[in-house]
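Protein chains: 2
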Amino acid sequence: MKISVNADYILRAMCELGADKTETPISISKIAENQHIPKKYLEKLFHKLKKAGLVKSILGKNGGYILADIPKNITMKRIFKIAENEVRIHNCVNIKKDKICDLFGDCTFKKFWTDFDNHINFFLDSHTLADFIFADNSKNN
Amino acid sequence: MKISVNADYILRAMCELGADKTETPISISKIAENQHIPKKYLEKLFHKLKKAGLVKSILGKNGGYILADIPKNITMKRIFKIAENEVRIHNCVNIKKDKICDLFGDCTFKKFWTDFDNHINFFLDSHTLADFIFADNSKNN
DNA sequence: CTAAAATATACCAATTTAGTAGGAGTTTGT
DNA sequence: ACAAACTCCTACTAAATTGGTATATTTTAG
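Quick note, the sequences are listed as chains A and B, same order. Residue numbers for the first sequence follow my numbering, so the first one is 1 and each next one is one higher. Residue numbers for the second sequence follow my numbering, so the first one is 1 and each next one is one higher.
Since the hints were made in silico from the structure, they are not lab data. Just so it is clear, CB atoms sit at the ideal spot from N, CA and C, and this is done for glycine as well. Fair warning: there could be bad hints in the mix.
Stretch-level coverage of chain A by chain B, calculated; a stretch enters the list once three of its residues show a Cβ under 8 Å from a Cβ in chain B [stated by the list, open to error]:
#1 52-59
#2 126-134
List time: in silico DSSO-like cross-link candidates among lysine-lysine, alpha-carbon distance up to 27 Å [stated by the list, open to error]:
#3 B/K110 x A/K110
#4 A/K72 x A/K110
#5 B/K21 x B/K2
#6 A/K110 x B/K61
#7 A/K110 x A/K77
#8 B/K61 x A/K2
#9 B/K110 x A/K21
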């Protein structure tokens, strides 16, 4: 069970967008440099972020990205969904192979994997970008 | 973030050992057949389980495996440690690269990853093999 | 002696991870 | 008008991991 580098990359990149007070977009180049993330790799991640509606892009010179929503509305769950190619906690043949699963309505294995999944998602849902950005310099949002 | 098939395989295999009332060992062949797990693959998993001290082996004909401890002492965390080749939740350059990390004593990123790790481990520690075995047929242990 | 069992070691195809490469399209400062 | 600075898009790649196979050796019951 591993967490890819993507979650960390995205988290820090989004924080940089969220922490910026100016209304101008920030470029991939700048974020990559500040956060020590390979530029081309970060580009791909932002492509996903845009498709998922977490950021907006401004084309052309002086272009870049801005958050599509206020930090407190961006949960870690949303970030994880993009960062991790697949989130598979329900690892149980009784769940994967539905026919077997249906035989046991209250299968304890299934219950365990579902509970585990819920436990993780509860944590991810209860943390947002705002937790990271306004930790020391208090501000609204 | 994925959970490999191993955790499911081991969980069901160990349950079969734990549920067995006889004092005789159970062979890999039998478990593999009952649980629909590739025999050779299960063999490798049991090798790890033995090395970790979760099961004991009996060699020769009529040999097989028995639990090395009572079910309630076998936590899901112990199983996960064997099932997952690597458990990496602390995915943060501020943690991986110690020099950067030391610069921020109360880094919010680090805190998040550590909290996440603790959250998961708390869940895994609070479930044992006994939860699966004696769900319906109540019995001591 | 032989069949059934664990043990040990090596191999393998497919997939995933963490990138890199090269350019095409868009906008802006000068 | 034009070059620089951007995003956007597609493809490629090396290394590691995953989920398994294959083959042979050792141990023991009957």
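Here is what the structure says about each hint:
1. 52-59: Per the Cβ count (0), the hint is violated.
2. 126-134: holds (count 3)
3. B/K110 x A/K110: Between B/K110 and A/K110 the Cα gap is close to 32 Å, so the pair fails against 27 Å, i.e. violated.
4. A/K72 x A/K110: Cα-Cα ~33 Å, so violated.
5. B/K21 x B/K2: 34 Å, violated
6. A/K110 x B/K61: 35 Å, violated
7. A/K110 x A/K77: 22 Å, holds
8. B/K61 x A/K2: Roughly 40 Å separates the two Cα atoms, so the pair is violated.
9. B/K110 x A/K21: Distance of about 24 Å is within 27 Å: holds.
Checked against the numbered hints listed earlier, the structure breaks hints 1, 3, 4, 5, 6, 8; every other hint is satisfied.
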